[in-house]
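Asker: Residue-level listing of the chains:
Number of protein chains: 2
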Amino acid sequence: MDAGGGQEIEQLIRLLGRLPGFGPRSARRVALYLLKEPQTRLVPLARALEKAGDAIRTCSSCGNLDTLDPCHICRDPLREHAVVCVVETVGDLWALERAGVHRGVYQVLGGTLSPLSGTGPEDLNVAPLFARLEAGQVREVILALGATVEGATTMHWLMDRLVAYGGVTVSRVAQGVPMGGALDVLDDGTLAAALGARRPA
Amino acid sequence: MDAGGGQEIEQLIRLLGRLPGFGPRSARRVALYLLKEPQTRLVPLARALEKAGDAIRTCSSCGNLDTLDPCHICRDPLREHAVVCVVETVGDLWALERAGVHRGVYQVLGGTLSPLSGTGPEDLNVAPLFARLEAGQVREVILALGATVEGATTMHWLMDRLVAYGGVTVSRVAQGVPMGGALDVLDDGTLAAALGARRPA
Ligand SMILES: [Zn+2]
Ligand SMILES: [Zn+2]
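Residue numbers (my numbering), protein chains in the order written: chain Y, 1 to 201; chain C, 1 to 201.
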């Protein structure tokens with residue numbers, strides 16, 4: 001007996017321990033917090049998980065996670081649908097939305113090119129972007145990838161493919177993204193500066 | 001729109017943000033992790049929460065959280081029921097169980113005396129301990145309270161009440177609990193040393 005009783009409690013601690021940023025200690029701490037007052041803490045969280053799980057959709061247009069498909073960004077008539085910001089993850093998209101620095105739409109790649117981990121172009125969610133480029137619906141592509149080796153590899157691969165679309169401006173976020181840094185840990189001001197100072201790719 | 005879509009997602013992030021050790025950033029990170037693969041991540045966690053919430057009981061004897069009442073410790077015939085270790089929280093009990101250093105049973109106070117926060121003797125879960133003392137079922141009481149002002153206040157209040165039971169040995173964990181430290185952040189070796197070097201109170 002490890003945690004003090006019951007396989008239901010042990011299973012909860014085990015699953016909590018798999019969450020990002022969690023270890024056995026934090027898993028036990030959160031389990032205890034929830035189990036001490038089940039009605040006001042545990043039950044509402046279980047319900048919120050269930051509802052979010054039922055409601056979640058992946059936007060077939062941009063790859064965002066939302067309760068709508070297309071997502072609320074892709075269906076917003078006030079956004080500039082001809083300006084597409086390419087990001088690695090949904091977390092990056094959410095970070096840019098919180099900063100409120102991008103008025104266009106997004107393309108979430110869902111990863112980066114990485115020979116080491118075997119992630120190739122076919123694993124990236126880029127088809128919707130190229131379909132819209134083919135249809136002449138895109139005026140500008142902003143590459144907002146992390147300043148990592150994989151981010152740079154992915155950006156150069158994308159730039160090579162984007163030259164085929166002569167009338168499209170391609171830029172990339174430059175200033176403000178620290179070396180080795182991911183986008184979604186940056187503060188709003190840094191994100192705004194990085195996007196504002198973007199330059200032709 | 002803050003997180004990128006849907007009140008179900010926002011509600012999940014809000015509830016995750018209330019967990020101990022969480023901030024808005026870690027809440028979003030965990031929500032994204034769960035929502036990216038709902039079937040393998042979110043649904044199992046929701047089910048584990050539900051099952052643990054249904055199964056959880058507070059032991060009417062010692063105050064432990066378990067799926068049984070009395071808990072698996074209180075009903076274990078191999079434990080020394082005449083030796084009672086008094087702790088502040090269920091987390092402390094779990095820490096001592098993980099360390100495997102106590103062969104007796106427990107009394108979980110559920111808090112400490114604190115004039116500032118208005119916690120008085122009537123708020124502590126001590127009645128079962130004194131009932132068992134009255135019935136002559138207790139040979140030794142080990143006070144394993146944190147080395148804080150409130151822990152010391154609680155220990156002295158308990159010692160004053162325990163002198164009435166002449167035949168009962170009262171000891172307290174001494175060596176190894178750092179000043180200002182809580183028990184449940186200590187490593188197993190320190191806990192074993194603190195318990196092994198207990199001295200008469
Ligand atoms: Zn979308
Ligand atoms: Zn018990």
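Hints are computed from structural coordinates only; laboratory data are not their basis. Where a beta carbon is used, it is the ideal one built from N, C-alpha and C, also for glycine. Watch out, some of these pointers could steer you wrong.
[Said to hold, decoys possible] Chain Y is nowhere near these chain C residues, computed Cβ spacing over 12 Å in every case:
(1) Gly-6
(2) Glu-8
(3) Gln-11
(4) Pro-24
(5) Thr-67
(6) Leu-116
(7) Gly-120
(8) Pro-128
(9) Glu-134
(10) Arg-161
[Unchecked claim] Straight-line C-alpha distance at most 30 Å; calculated DSSO-like pairs for lysine-lysine:
(11) Lys-51/Y / Lys-36/Y
(12) Lys-51/C / Lys-36/C
(13) Lys-51/Y / Lys-36/C
(14) Lys-51/C / Lys-51/Y
(15) Lys-51/C / Lys-36/Y
Asker: None of the hints should be skipped; say for each whether it holds.
Answerer: Hints and how they fare:
no.	hint	verdict
1	Gly-6	violated (3 Å)
2	Glu-8	violated (4 Å)
3	Gln-11	violated (5 Å)
4	Pro-24	violated (9 Å)
5	Thr-67	violated (3 Å)
6	Leu-116	holds (21 Å)
7	Gly-120	holds (20 Å)
8	Pro-128	holds (17 Å)
9	Glu-134	holds (27 Å)
10	Arg-161	holds (26 Å)
11	Lys-51/Y / Lys-36/Y	holds (23 Å)
12	Lys-51/C / Lys-36/C	holds (23 Å)
13	Lys-51/Y / Lys-36/C	holds (15 Å)
14	Lys-51/C / Lys-51/Y	holds (17 Å)
15	Lys-51/C / Lys-36/Y	holds (15 Å)
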